[in-house]
Every structure is written in C-alpha cells, then in structure tokens.
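Student: Take a look at the letters that make up each chain.
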Amino acid sequence: MRGATRVKWAAGAVVVALAAGACGGGSSGGGGSTNGIVRASWGDPQNPLEPADTNEVQGGKVLDMIFRGLKKYNPKTAAAENWIAQSITSTDSQTFDIKLKSGWTFSNGEPVNADSFINAWNYGAALKNAQLNASFFAPIAGYAQVHPDATGASAVTDKLSGLHKVSDTEFTVKLSSKFALFPDTLGYSAFYPLPQSFFTNHSAWLAKPIGNGPYEISSYTKGTGMNLVKWDGYKGSDAASNKGVDLRVYTDNNTAYTDLQAGNLDLVDDIPASQLKNVKNDLGSRYINVPAGIIQTIAFPLYSSRWNTPNSAKIRQGLSMAINRQQITQQIFQNTRTPASDWTSPVLGDAGGFKQGLCGQECTYNPSKAKQVIAQAGGLPGGHITISYNADTGSHKEWVDAVCNSINNALGNNTACVGAPVGTFADFRNKITNKQQNDPFRAGWQMDYPLIQDFLQPQYYTNASSNDSHYSNANFDNLVNQANAASSSSESVSKFQDAEKQLVIDMPAIPLWYQNGSAGYSSNVSNVFLNPFSVPVYNEINVK
Amino acid sequence: MGRYVIRRLLQMIPVFIGSTFLIFFMVYALGDPVAALFGDRAPDPATAAQIRHDLYLDHSLPAQYIHYMGNLFKGDFGTAFNGQSVLQLMGDAFPVTIRLTIVAIIFEIIIGITLGVLTGMKRGKPVDTGVLLLTLVVISVPTFVTGYVLQYIFGVQLKWTAPSVSPSAPFNELILPGLVLALVSLAYVTRLTRTSIAENTRGDYVRTAVAKGLPRRRVIIRHLLRNSLIPVVTFIGTDIGALMGGAIVTERIFNIHGVGYNLYQGILRNNAPTVVGFVTILVLVFLIANLLVDLLYAVLDPRIRYA
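Top to bottom, those sequences are chains A and B. With the UniProt record's numbering, letter number 233 in the first sequence gets 233, and the count goes up by one each step, no holes. With the UniProt record's numbering, letter number 103 in the second sequence gets 103, and the count goes up by one each step, no holes.
In short, the hints are calculated from the structure, not lab data. None of these values were measured; they are calculated from a predicted model. Check the hints yourself; a few may be wrong.
Covered by chain B, according to a simulated footprint, are these stretches of chain A (three or more residues, beta-carbon under 8 Å) [what the hints assert, rightly or not]: (1) 120 to 134; (2) 421 to 431; (3) 439 to 449.
In silico DSS-like links for lysine-lysine, alpha-carbon gap of 27 Å or less [stated by the list, open to error]: (4) B:159 / A:280; (5) B:159 / A:277; (6) A:243 / A:501; (7) A:128 / A:165; (8) A:397 / A:280; (9) A:544 / B:159; (10) A:544 / A:230; (11) B:74 / A:222.
Glycine included, C-beta positions come from ideal geometry on N, C-alpha and C.
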C-alpha cells in the first residue's frame with residue numbers, strides 16, 4: 001500500500017498547487033485600481049483603421065475617439081452640430097462653402113486646415129485605394145472620374161474636381177446634383193480630416209493612427225487591444241473627462257460579461273443574448289437599453305419571377321400583417337428590439353423624419369386579414385416561401401424561425417414558411433449581391449448618419465448602392481429627388497416621408513423592428529450612455 | 001534509427017502539399033470574401049474589383065494556389081484583412097496556445113496517469129468505482145459547459161482567478177483554461193492507464209519482479225507502469241495536435257488569443273491565408289507529434305527497433 005499512499009500525496013500536491021496558482025492569477029488580473037482609465041470591451045476591427053476604410057462599429061468607435069470632423073452628431077439628440085466647421089453655407093443646395101475654425105491641430109502638432117480635408121477626401125474616393133466607404137464621396141462632382149463604377153475601368157484622375165481650396169481655413173464643395181442635407185452627412189467618419197503623416201508614412205500611421213480628437217493612441221496591438229489616453233492638447237469642448245480608455249478584444253461577449261461581473265472590466269457594449277434575462281438582476285440601473293439607428297427588415301428579391309407579379313405586393317403586405325412583432329420582440333429579444341411601424345428609426349426624432357405608424361395597418365399584426373389578403377392575391381408563390389439568413393453571426397435563427405412560425409400560424413399551414421440558413425455571412429452577401437435570391441432574406445440597416453435620407457435612398461432608390469431588393473419606383477425616385485433639392489430641411493424631411501409612403505404600397509421590404517443598443521457598466525464608472533449609433537460616449541465617462 | 005527518421009520526415013512533404021491544397025480549396029469553396037467586407041451594404045463593383053485584384057483573388061483557383069505556395073517558400077504567409085501578416089499572427093498566437101497545451105498535457109499526465117494507476121491497482125474498490133463514475137461525468141459534459149461553469153465559480157464567485165486571460169497569457173493564468181481543456185482527455189487517459197495496468201498486473205514479468213522480492217513501488221513504477229504506458233503515450237501524443245487545434249472553444253470562453261481564436265476569425269472572414277497558414281502548421285505539429293510517439297515506443301519497450 002505504500003505506493004498508493006504516495007500517489008494520494010501526489011494528487012493532493014497537485015490540487016494544492018492548482019489552488020495556489022489560481023490564487024496568484026487572481027491577484028494579478030483582478031486588481032481594482034484603474035487610475036482613471038476606463039476598461040472597455042472591444043471587437044477586432046476587420047479592416048485597417050483608416051477613416052474611409054472603416055465601415056463597422058468596432059473600428060468606428062476608435063475613430064470617433066481619436067478624430068473630430070466638420071460636424072459632430074450630438075450624442076443625445078443626434079442633431080448634426082458644427083464642430084471644426086465654423087460655418088457651412090450654400091445658396092443653391094449644390095455648392096457648399098465651408099469655413100473652418102482656426103487653431104485645431106492633430107495630436108502630432110500638424111494644423112487641421114482645408115488641405116487636411118481635401119487630401120483625405122481625395123484619398124477616400126480614389127479607386128486605386130479601394131476604400132470601402134468610397135461611395136460616400138459619390139455626391140461630390142468629379143467622383144465618376146476618380147472612381148468609375150464599371151468593373152475593370154480605371155480612374156482618369158485622382159482629384160475630385162468638386163473640391164476647391166479657397167484658403168487654409170476655407171474650401172468649397174460642388175456636388176454633381178442638389179443635395180440639401182449634404183452638410184449633415186459630414187459628421188460621418190469617412191469625412192474626417194487626415195494629417196500629412198498619413199500620406200508620407202502610411203504604414204507607421206496604420207500601426208498607430210494619429211488624429212485630432214479627444215484621445216490619442218498610446219499603444220495598439222492588433223487583435224488584442226488598444227490603449228488610448230486623453231490628449232491634453234485637444235481644442236474641442238468635449239474633452240475627455242477620464243484619463244483614458246483601455247479597449248480589450250473579446251471573442252465571446254459572454255466572457256466580456258463575466259469579466260464585468262468579476263470587476264475586471266468597466267464597460268460592455270454588447271450584452272450577450274443568453275444573459276438578457278439576468279442582466280437587470282445582475283446590473284440593475286447599470287444596464288442600458290436605448291434605441292439605436294438600426295432597423296431590421298425582411299427584403300424581397302423583386303428581380304425574381306416569384307416576386308415581380310402584379311399581385312406580389314399584396315402578398316408582401318399580407319406577410320407583413322402575419323408577423324407578430326410585439327410577441328417576438330418580447331419573447332426572443334427581451335425588449336431589446338421595438339416593433340417597427342416605418343422604415344426609419346426612432347433616434348431620428350419626429351423632426352428628423354421618424355414617424356411612428358407611417359406604415360399603418362400593413363405593419364400591424366392581423367392574422368385573419370393576412371390570410372385573407374394573401375388568399376385574394378393568389379396565395380404564396382409556389383405555395384411556400386423561405387427566409388434566408390446567415391447562420392454564423394448574430395442569433396438570426398431564433399427570430400427567423402419565430403417569424404416563420406407566426407406566418408404559418410396566421411395562414412394555418414405548417415409548411416408555408418421555413419428558415420433557410422446560409423453558412424457564412426460572406427456567402428449570404430454574395431448570393432444577394434449576385435441576385436441569386438428567389439425568396440425573402442433578412443436585411444439590416446445601420447445608419448451612417450442620423451438622416452431620414454440615409455434610411456431611404458441607399459436602400460430603395462433605383463440602382464442605389466444598397467438596394468438589395470432592386471426596387472425601382474418612379475414616384476419614389478421622384479419624391480427623393482425633390483426632397484434632396486428642397487430648400488429647407490423640414491421640407492426635405494416631409495418629402496422623404498411622402499416617398500416612404502410609396503414603400504407601404506409596394507412593400508419591397510417588411511419592417512420588423514428597431515434595434516436597441518445595450519450596454520452594461522461597473523460601479524467603477526458613471527455617466528455612461530450610448531449615442532444614436534449605439535456606441536458608448538467614452539469621452540463623457542467618469543471614473544471613480 | 002537515423003534513416004527511419006529521415007524517411008518519416010521526407011514523407012511529410014507530400015502530406016504538407018496535399019493538406020495545404022485541400023485546405024486552400026475548402027476555404028476557397030466558402031465563397032468570395034469581398035462581399036462580406038462591405039457589411040450589409042452592397043459593394044460597388046469597381047472597389048470590389050480593386051480589392052480582389054489587390055488580394056490576388058481575380059485569378060483562377062490553381063493560379064491562386066501556385067501564387068500562395070510561391071510566396072510561402074519565400075517565407076510570406078500572406079496577410080489578414082486587417083493588414084497584419086499571417087506570419088506575425090502565428091508568431092503571436094502559437095506561443096500562447098503552446099503554453100496552454102503544455103498546461104493541459106501536464107494535467108493529463110499527472111492527474112490522469114496517477115488516477116489510472118490508483119484505480120488499476122484497486123480494481124473494484126470504492127476508489128475505482130468513484131473515479132470511474134467521475135470520468136464518465138467528465139466525458140459526457142461538453143467543454144463549453146465545464147468551461148463556463150468553472151469560469152463562473154472560480155472567476156466570479158470565489159474570485160480566485162480572473163475570468164479571462166490577459167493578452168500576454170502567462171502560465172499562472174492558464175491553469176484553469178488548461179484544466180478545462182485537459183478534462184475530457186484526462187478522463188480518457190485515466191481509463192486507458194487503468195485498463196492497461198489492470199491487464200499487466202497479471203503479466204509474468206510482474207510476478208517475477210514480485211517473486212524477486214523487489215519493493216512494491218519499484219515493481220509498479222519500473223516494471224508495470226513502463227510497460228503499461230505505450231497506449232497512453234500514443235493517446236497523449238496524438239492529443240497534442242488535437243489540443244492545439246481543438247482549443248477553439250476553450251480559447252473563446254477564456255478570451256485567449258491563440259490559434260483557435262485566429263482560426264475562428266479567419267474562417268468567419270473567409271481569409272484563406274490565415275486559415276491555410278495556421279492549419280498547415282497544425283498539420284506539421286500532428287506529423288511531428290506522431291513521429292515522436294513512434295520514437296518513444298522504442299524507449300519504453302526495448303523490443304521495438306526502427307531501421
């Protein structure tokens with residue numbers, strides 16, 4: 001038995017060593033003092049951190065910390081306010097005169113002047129730089145010469161002819177057609193200025209981007225995290241009220257949430273779906289759930305012979321009435337979504353163009369009417385439909401199944417609608433871009449800037465950049481043109497709403513729900529809130 | 001011996017080429033990655049074409065593969081979409097995963113073999129039944145359950161350790177993830193050792209050793225255990241590769257930025273260079289681990305000779 005006793009001792013020793021090691025880990029990782037630094041969760045940005053090449057929220061949140069543009073969207077009201085711009089004026093809604101405030105600099109000391117903007121915009125628009133946000137420069141005159149649309153075409157020049165420097169603090173922008181709300185788009189990150197060092201030493205800049213915002217980057221390890229510190233030379237009125245922000249990349253939002261509970265993290269801006277039931281108990285008032293500029297829809301391939309018949313609009317309206325939005329947002333999303341009744345978002349506010357109930361009874365749950373409407377229109381094409389979604393990210397399966405279930409119940413047919421998962425997001429998007437869809441598919445739209453124009457024109461204008469349904473209606477296009485040419489923004493908004501009413505009739509996409517932004521924070525920090533883009537306003541956070 | 005090793009190393013070349021091609025082909029079959037870069041927005045054709053050109057995606061599959069292999073032999077594993085070179089990604093990720101694997105293997109060896117010997121020597125006793133039951137539970141509970149549960153207990157409730165691992169991933173923070181990663185294999189190691197010990201206790205050489213009057217400890221460690229370890233060593237050897245590549249779940253739960261994390265990102269973003277680069281290295285790890293296992297046989301059992 002001596003041997004066995006020894007073995008027992010060995011096993012005991014291992015357990016003790018394990019416990020001791022675990023303790024050691026705790027004291028090094030779980031420290032409480034953060035010295036005025038906010039520790040926040042982050043996701044690895046997909047693309048290099050260039051303003052015109054960042055189109056997703058993780059890269060966007062860094063750019064919003066280290067850059068300020070001509071305008072800034074008020075984090076509470078979403079209104080576009082002049083920031084670096086002293087004034088932006090126009091007499092004809094086509095040529096805009098932009099005057100800059102003086103004294104702004106980048107954190108490396110370079111001045112922010114007219115050239116900083118003109119060079120940055122030319123770079124973003126030029127085809128050879130293959131910037132993902134190039135299409136934001138499309139309204140500017142000369143875009144077709146620097147960025148021809150056809151595959152394989154090459155650019156004639158690399159300077160936008162519509163940009164003209166007047167002096168160091170003034171430049172003009174000429175658009176190719178009237179666009180009254182153009183100044184309000186200038187708060188988007190694609191329009192941020194860039195310092196000379198971006199062009200002279202590009203790779204060094206990418207390794208550690210330099211901007212003109214309230215923070216500067218002190219270190220950046222791609223795929224792992226970023227440390228930002230308050231920039232003391234910042235000129236704006238929204239200087240950081242904390243000493244800095246540490247962004248940590250999490251692969252799994254559950255882990256970030258666990259770290260928040262353990263006091264290892266101060267801010268999580270993506271509450272995992274599985275924790276939504278517990279989050280109020282866990283965090284109490286430190287849980288944020290507010291509307292964001294995101295709408296989810298079910299889009300239809302109007303190029304498919306299944307959906308371009310004269311009766312198919314009626315069928316789409318019927319399907320819309322068959323979806324019990326209220327129940328799904330409560331049961332599946334735990335009220336982190338709000339049933340949609342128009343094609344915009346509540347964050348726009350009434351003045352900005354949001355109109356609750358614009359869609360009317362066509363977006364109100366009414367199963368008996370839904371069944372009747374669809375039957376009158378000749379029934380679903382081929383007797384049943386599928387709703388396709390990408391299965392790799394987000395929890396789309398749950399709600400797509402619920403939507404189908406709701407439709408099936410309304411129609412009294414268990415096989416009327418089934419979900420059709422597609423393996424990867426890339427494959428899913430390819431099928432849509434290549435017009436290979438025959439049945440409806442999930443679609444989401446996150447606004448680039450808080451304007452009704454951004455919710456309607458890119459998605460529903462004929463041949464627009466994100467018109468995945470390939471919807472085309474002369475009346476809609478005409479009203480959008482009128483709205484863009486309008487002399488005042490209230491007139492413009494009301495024209496856009498008129499155009500939106502055309503969508504009720506044609507129903508190219510069924511509005512489902514407005515998505516909320518959710519976040520949770522530790523008792524270490526206070527004054528945490530989300531802006532209309534569902535990104536935390538880092539510079540306002542106070543650390544205890 | 002030397003010739004055997006050289007022959008085995010040469011055999012790795014066709015396996016290496018074949019596996020890279022297969023993986024390259026599979027990632028290629030996932031579809032065009034460019035559309036996903038634009039998110040929910042439709043890409044404009046000219047920008048998409050320019051990106052495809054920059055990434056060499058506008059060529060046929062064989063041309064892309066030859067281009068990739070050509071760069072590979074120049075030491076260029078390509079770049080991920082965020083502009084990092086895959087070589088750099090591997091340089092950051094592999095040390096972390098290797099540390100995690102070492103922790104896991106140590107757990108397997110120490111706890112697994114110890115429990116195996118203990119139960120093998122006390123067949124039918126309560127200790128044996130208890131451990132057997134325990135391993136059954138461990139084998140049947142999926143890793144993500146044990147991972148989240150242990151993380152919550154030790155990280156949030158007891159606060160013995162941080163729930164997630166810091167970017168530098170030192171050994172002391174990897175103890176809990178390593179245990180979670182090792183648990184299932186540990187149970188198998190216990191059972192394998194137990195069976196093997198149980199069989200060999202009846203062996204003639206054990207009886208001879210006992211009859212010679214050797215101390216019990218010497219009989220168990222020098223004679224019994226050494227002969228019983230061959231199947232266990234095989235299992236642990238192949239497990240090295242499996243642990244390194246299969247740590248995706250554990251790495252996600254504990255936010256460890258190792259091989260699993262990079263593979264996951266690469267697959268999600270359809271980035272062929274990342275996936276092919278990492279999997280190729282994993283294939284090599286498998287091959288070398290297998291070779292080492294075969295060589296270890298000769299050490300454990302003098303009857304085995306390689307020529």
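Student: It remains to establish, for every hint, whether it holds in the given structure.
Tutor: Here is what the structure says about each hint:
By the rule of at least three residues with a Cβ nearer than 8 Å to a Cβ of chain B, the coverage given for the segment 120 to 134 of chain A holds, with 6 such residues. Look at the segment 421 to 431 of chain A against chain B: 7 of its residues bring a Cβ nearer than 8 Å to a Cβ of that chain, three or more, so the hint holds. As drawn, the segment 439 to 449 of chain A meets chain B at 4 residues by the rule of a beta-carbon pair under 8 Å; at three or more, the given contact holds. A distance of roughly 22 Å separates the Cα atoms of residue 159 of chain B and residue 280 of chain A; the hinted pair therefore holds under the 27 Å criterion.
Taking the CA atoms of residue 159 of chain B and residue 277 of chain A, the gap is near 23 Å; set against the 27 Å cutoff, the hint holds. Restraint check: the Cα-Cα separation between residue 243 of chain A and residue 501 of chain A comes to about 48 Å, which exceeds 27 Å; the hinted pair is violated. Proposed proximity of residue 128 of chain A and residue 165 of chain A is supported: the alpha carbons are some 23 Å apart, at most 27 Å. Restraint check for residue 397 of chain A and residue 280 of chain A: satisfied, since their Cα atoms lie roughly 25 Å apart, inside the 27 Å limit.
About 22 Å separates the Cα atoms of residue 544 of chain A and residue 159 of chain B, which keeps this hinted pair within 27 Å; it holds. Between residue 544 of chain A and residue 230 of chain A the alpha-carbon distance is near 16 Å, which keeps this suggested pair within the 27 Å criterion. A distance of roughly 24 Å separates the Cα atoms of residue 74 of chain B and residue 222 of chain A; the hinted pair therefore holds under the 27 Å criterion.
Violated hint: 6 only; the structure is consistent with all others.
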